[in-house]
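K.L.:
Sequence:
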Amino acid sequence: MECCVGHDDDPGAGLVEVAGWDGLSDKAIIALRRSLMESEQKANLWKEQADETRTEYIQCKSNARVLQVELDSTQKKLARVQEECKMQGHLIEELRREIARKNSERSMAEDPGHKYNAKALKTELKSTQEELTQIKEEYGKQRRLVDELRKDRKQIRTAKEPESSAKRPAASKEEQAERANQTRERLLQDYAMAKQLDEELNARKDTFGRDVPSNFDRDTYHRRPDVHSAPASNLLTGPVQSQIEMARAEIATLKKEVERFKLSEVRGKELEDAQVFLTQADVTDVIKKVNALNEEIFQMAAFLGEVLIYEALEPDANRQEHRQAAVESTYEIARNTLGQTLASTLAHESMNDPKEESNPLLVQIVMQTALTNWCDKFGRRWTSYQRVDNESENEAKEGQPKDSGSKSGISKQLDHDRFVSELYDSIRDHEDQAIAGRWRSLTKAHLPFSTAGWDHSLMLAICSIMSVAGWGTRSDGDIAQVEKRLSSIFKTLLDLRKATGEDVTSADLEISIIQPGQTFDPTYMEDAYADGRSSSKSKKSAPEAVISTSGLGLQRLVVKRSKAGGVQRQLEILFMPKVVLEKTIKEALEPPPPAKKKKKVTLGRTGLS
Numbered sequence: 001m002e003c004c005v006g007h008d009d010d011p012g013a014g015l016v017e018v019a020g021w022d023g024l025s026d027k028a029i030i031a032l033r034r035s036l037m038e039s040e041q042k043a044n045l046w047k048e049q050a051d052e053t054r055t056e057y058i059q060c061k062s063n064a065r066v067l068q069v070e071l072d073s074t075q076k077k078l079a080r081v082q083e084e085c086k087m088q089g090h091l092i093e094e095l096r097r098e099i100a101r102k103n104s105e106r107s108m109a110e111d112p113g114h115k116y117n118a119k120a121l122k123t124e125l126k127s128t129q130e131e132l133t134q135i136k137e138e139y140g141k142q143r144r145l146v147d148e149l150r151k152d153r154k155q156i157r158t159a160k161e162p163e164s165s166a167k168r169p170a171a172s173k174e175e176q177a178e179r180a181n182q183t184r185e186r187l188l189q190d191y192a193m194a195k196q197l198d199e200e201l202n203a204r205k206d207t208f209g210r211d212v213p214s215n216f217d218r219d220t221y222h223r224r225p226d227v228h229s230a231p232a233s234n235l236l237t238g239p240v241q242s243q244i245e246m247a248r249a250e251i252a253t254l255k256k257e258v259e260r261f262k263l264s265e266v267r268g269k270e271l272e273d274a275q276v277f278l279t280q281a282d283v284t285d286v287i288k289k290v291n292a293l294n295e296e297i298f299q300m301a302a303f304l305g306e307v308l309i310y311e312a313l314e315p316d317a318n319r320q321e322h323r324q325a326a327v328e329s330t331y332e333i334a335r336n337t338l339g340q341t342l343a344s345t346l347a348h349e350s351m352n353d354p355k356e357e358s359n360p361l362l363v364q365i366v367m368q369t370a371l372t373n374w375c376d377k378f379g380r381r382w383t384s385y386q387r388v389d390n391e392s393e394n395e396a397k398e399g400q401p402k403d404s405g406s407k408s409g410i411s412k413q414l415d416h417d418r419f420v421s422e423l424y425d426s427i428r429d430h431e432d433q434a435i436a437g438r439w440r441s442l443t444k445a446h447l448p449f450s451t452a453g454w455d456h457s458l459m460l461a462i463c464s465i466m467s468v469a470g471w472g473t474r475s476d477g478d479i480a481q482v483e484k485r486l487s488s489i490f491k492t493l494l495d496l497r498k499a500t501g502e503d504v505t506s507a508d509l510e511i512s513i514i515q516p517g518q519t520f521d522p523t524y525m526e527d528a529y530a531d532g533r534s535s536s537k538s539k540k541s542a543p544e545a546v547i548s549t550s551g552l553g554l555q556r557l558v559v560k561r562s563k564a565g566g567v568q569r570q571l572e573i574l575f576m577p578k579v580v581l582e583k584t585i586k587e588a589l590e591p592p593p594p595a596k597k598k599k600k601v602t603l604g605r606t607g608l609s
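Numbering (my numbering), first residue to last: 1 to 609.
These are calculated hints, taken from the structure and not from any lab test.
All C-beta atoms in this analysis are idealised placements derived from N, C-alpha and C, irrespective of residue type, glycine included.
Just so you know, nobody snuck in bad clues.
Pairwise CB distance ranges (calculated):
| hint | residue 1 | residue 2 | range |
| --- | --- | --- | --- |
| 1 | 544 | 71 | 26 to 34 Å |
| 2 | 28 | 582 | 46 to 54 Å |
| 3 | 26 | 48 | 32 to 40 Å |
| 4 | 515 | 257 | 55 to 63 Å |
| 5 | 52 | 544 | 25 to 33 Å |
With the hints as constraints, model all of the structure from the sequences given.
P.N.:
Right, here's the structure in full:
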């Protein structure tokens, strides 16, 4: 670089003339433009990476939610199982003792030389029951007999006193007082024994009722021979003490029978506890299958979010006319799959020119809703034997609905399904759960059920939604990839249908969704995007409406019958369905622009000298 400096006396002294300055400025501008182009390319690359990262974040968030739900459920079940094990520990010990006692009794009964074998015990018990019946029938006469006994003893003493007084000298006052005391003690003993017999018989009557059958001979309880009342003289032939001992022996035998009855009640309670535990285990398994199906739906929706883009029209094409024709031809199927609100929103939005090439978040939400509603519809059916011809398959690939042919068959199938469903509702209202559950299991196992036509039905729904929303695929092979991925959803749905319909009979389990338009209620539904991009910043506001369901739930139907004969059905939420709110759709339609970071451009002076 050449520089010329003027003399001091020159008027232009102090000014510096820089040769070639214009050329240097052009180079700097070119370098700045190149740097700007590189920055724009990097910004576009970063934007694509940000979209991919956002999709991965949503997927990881869903996986984390599923894992957290499974972890919480597993911890609760583990704690419940531990409590059940502790509570049933003493029952196991009692069962062991009972088994040992039964083995001991069996060995004694099988011994032919043993005095009290089974036959002897049976005969003795029968005899004892007959004697006890006689005692019960004569119970009302016991007090009178005791009075008669006292009178007889008094008469005997009165008759003997003159003879003894004639033979022996008159007794002294001390001897007379001693004899009077002895007589009084004997009377008190007789009265005490009679009172004890009275109390024991009353206790047995209050506890067991009129008669208690024997475990050795149950027929004797219903065909007991008539026992006539024995005269009072027969009871006086033996001492009262022997009758009391016989009654005590009978009471001891009855106590053993009571213990057997109590053991039967304990075993029945144990079976009920085991049934409750079995139901809980069944519910846990079914919840896992619901999570598995939701995960398959999420993966399919994420794949569609990657491959679907806004359709590109020719420059001279009229977008309004093209979109109006596409919406009119496929709107009905899209509305039946997504609901009125979401389908109309997509149709209205498709009339406008797209701002971006694609919207992965919106595609994922819409397709996740469509797959969830379709699985709920087909998973609830009792029968499925739809057949599809070649013409229907071609229409599904083209995204056009079929107007004729299979409508009558589908209508007939729905009528059959409705008939079986109403029949089961009647059985469930009037029969116990064990009977109704078994009937449901056998019926679903033997009713004709086939997945033929499922791929056609689901592809027709997906293509109709694409037509209404104005979406297309990036390449021709993407639709074929979508069809291949449907089999994993069908397999998981069949597994869940078998679990709720055939395997579990101890409870009525059903998959569930939330109908569009309901007000969001966190007690029985979950916001699928509660921790999304802007929900954390939003403040508490009025409850929002539910637009769609993006994840299946699980509920249990409990039927309660009143004494008056009425039937009340109650739903118990076991696993909450995930819903999409109105604000989530708005954010997906108009995503906030990415935050711009201001970068300082510093021009170094290294190029100047």
